[in-house]
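Peer 1: Start from the sequences, fold in the hints, and give me the full structure.
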Amino acid sequence: MPDPQPASVYDLDHKQEAETLATFAVLVDNEPGVLHRLVGLFAARGYNIESLTVAETDRNAHTSRVTIVTRGTPHVLGQIEAQLEKMVSTRHVQDVTRDPNGLERELALVKVKSTGADRVEALRVADIFRARVIDTTHESFVFEITGAPSKIDKFAELMRPLGLVELSRTGVLSITRGAEAF
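For the sequence shown, counting from 1, position 4 maps to 3 in numbering that gives the first Met the number 0; every step adds exactly one.
Worth double-checking, as some hints may not be accurate.
When the alpha-carbon atoms are kept at most 30 Å apart in a straight line, the in silico DSS-like pairs for lysine-lysine are as follows [as the list claims (entries may be wrong)]:
# : residue 1 : residue 2
1 : 110       : 153
2 : 110       : 150
3 : 112       : 153
4 : 150       : 112
Restraint-style ranges between C-beta atoms, simulated for each label pair [to be verified]:
#  : residue 1 : residue 2 : range
5  : 115       : 84        : 20 to 30 Å
6  : 100       : 168       : 22 to 32 Å
7  : 170       : 73        : 29 to 39 Å
8  : 38        : 129       : 29 to 39 Å
9  : 110       : 30        : 15 to 25 Å
10 : 30        : 119       : 50 to 60 Å
11 : 42        : 73        : 47 to 57 Å
12 : 97        : 44        : 14 to 24 Å
13 : 177       : 43        : 28 to 38 Å
Calculated from the structure, these hints are not laboratory results. All values reported here derive from a predicted model rather than from experimental measurement. Beta carbons are placed, not taken as given, at the ideal position from N, Cα and C, and that holds for glycine.
Peer 2: Pasting the structure below:
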């Protein structure tokens, strides 16, 4: 009996290559259906989207910037980049992760319910991470934190034992250093 087809590209054996995260910035035409086709490209091939942000960048040029974080082997990530470039509505694709000038940031709102010593410790941790208090009650705080996704992960990890009850993240935004445009 033949081997069954893999359910996704992640089931294929690519010489046991290690998976890594990659951030792609994609400049696309700002028109109906583009995001649907982009997400469909990922779904049809079994690629997972770890983070997705989309916003109009130039009303006159009718363009939007899509930032996608995904995971895969170098082979899979190369396939993803090639497929993104083939989309009719795509104007430009950039792998920000491989660009030495690449910057990534994310914003998160973090709600922590705590009293007593835990409340004081939550404020101390927030100060260390340069998180701002944007709302407070006698029993809770809402912090705003901006930084690399790993910074937000660590902040959330430290807040969990102090009473983290809710976390809302924007998804990754990316840009490159320097004077050149995307």
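Peer 1: Decide, hint by hint, whether the structure agrees.
Peer 2: To see whether the hints hold, each was checked on the structure:
| no. | hint | result |
| --- | --- | --- |
| 1 | 110 with 153 | holds (15 Å) |
| 2 | 110 with 150 | holds (16 Å) |
| 3 | 112 with 153 | holds (18 Å) |
| 4 | 150 with 112 | holds (21 Å) |
| 5 | 115 with 84: 20 to 30 Å | violated (55 Å) |
| 6 | 100 with 168: 22 to 32 Å | holds (24 Å) |
| 7 | 170 with 73: 29 to 39 Å | violated (23 Å) |
| 8 | 38 with 129: 29 to 39 Å | holds (34 Å) |
| 9 | 110 with 30: 15 to 25 Å | violated (37 Å) |
| 10 | 30 with 119: 50 to 60 Å | holds (52 Å) |
| 11 | 42 with 73: 47 to 57 Å | violated (22 Å) |
| 12 | 97 with 44: 14 to 24 Å | holds (20 Å) |
| 13 | 177 with 43: 28 to 38 Å | holds (35 Å) |
Taken one by one, the earlier hints fail for this structure at numbers 5, 7, 9 and 11, listed in ascending order.
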